[in-house]
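*Asks:* Sequence:
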Amino acid sequence: ITAIEDLVAQAKSLANSALATADATERTAFATQYNAILDQIDFLADDANFKGTNLLENETLSVVFDETGDSTLSITGFSADAAGLTLADAQNDWADDTDIEADIALLTAASSTLRTESKGLSSSLSIVNTRLEFTSQMMSALTGGADTLTLADMNEEGANLLMLQTRQSLSVTALSLSSQSAQSILRLF
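Numbering-wise (the numbering used here), the sequence shown opens with residue 434 and increments by one.
Hints are not guaranteed to be accurate.
What the hints assert, rightly or not - Cβ pair distances, simulated, as ranges:
# : residue 1 : residue 2 : range
1 : L506      : A436      : 23 to 33 angstroms
2 : T509      : D439      : 18 to 28 angstroms
3 : V605      : T501      : 48 to 58 angstroms
4 : G577      : T501      : 16 to 26 angstroms
Source of the hints: derived by calculation from the structure; they are not laboratory data. For every residue, glycine included, the Cβ atom is placed at its ideal position computed from N, Cα and C.
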């Protein structure tokens, strides 16, 4: 949007320059440059496509915030090409002051539209960024909780393992001794 605003400002500057001169050749040259800038506005609006969505061509982007799809945000774009901003090629190569003044008024309105739409898109971007930050913090908290539940203290678990191994070893030794005692008693008879 900023680049299109810059082009609108350049077009307005050309229109003011044309208004300041009475030379028809200069006005025609300014009008030709003005028309070229309008073409560039169209190209910029068309090139603002990202992953199949172009908010500068009046398309809508739906952002889903949860796994069920219940929490969404629809971001509606606007038509930022010359026609969408109600800009048209210079009339009569700007031979008359009224043609130039009409285009200057349209350029002023286009600048206002771009600022208004930019604020709306910035607000939507702020919401998306806030939700992204919330989701990241929630993921960190859930990961921390899962780690607490699943990760054990290695020293404590090592001591438990050593205790169980010692108990097993003592049980085997006691069983062996009791078996030997029983055999010794049976030999006496």
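*Asks:* Against each hint, give a clear statement of whether it holds in the structure.
*Replies:* Tested hints:
no.: 1; hint: L506 - A436: 23 to 33 angstroms; result: 25 angstroms, holds
no.: 2; hint: T509 - D439: 18 to 28 angstroms; result: 24 angstroms, holds
no.: 3; hint: V605 - T501: 48 to 58 angstroms; result: 56 angstroms, holds
no.: 4; hint: G577 - T501: 16 to 26 angstroms; result: 24 angstroms, holds
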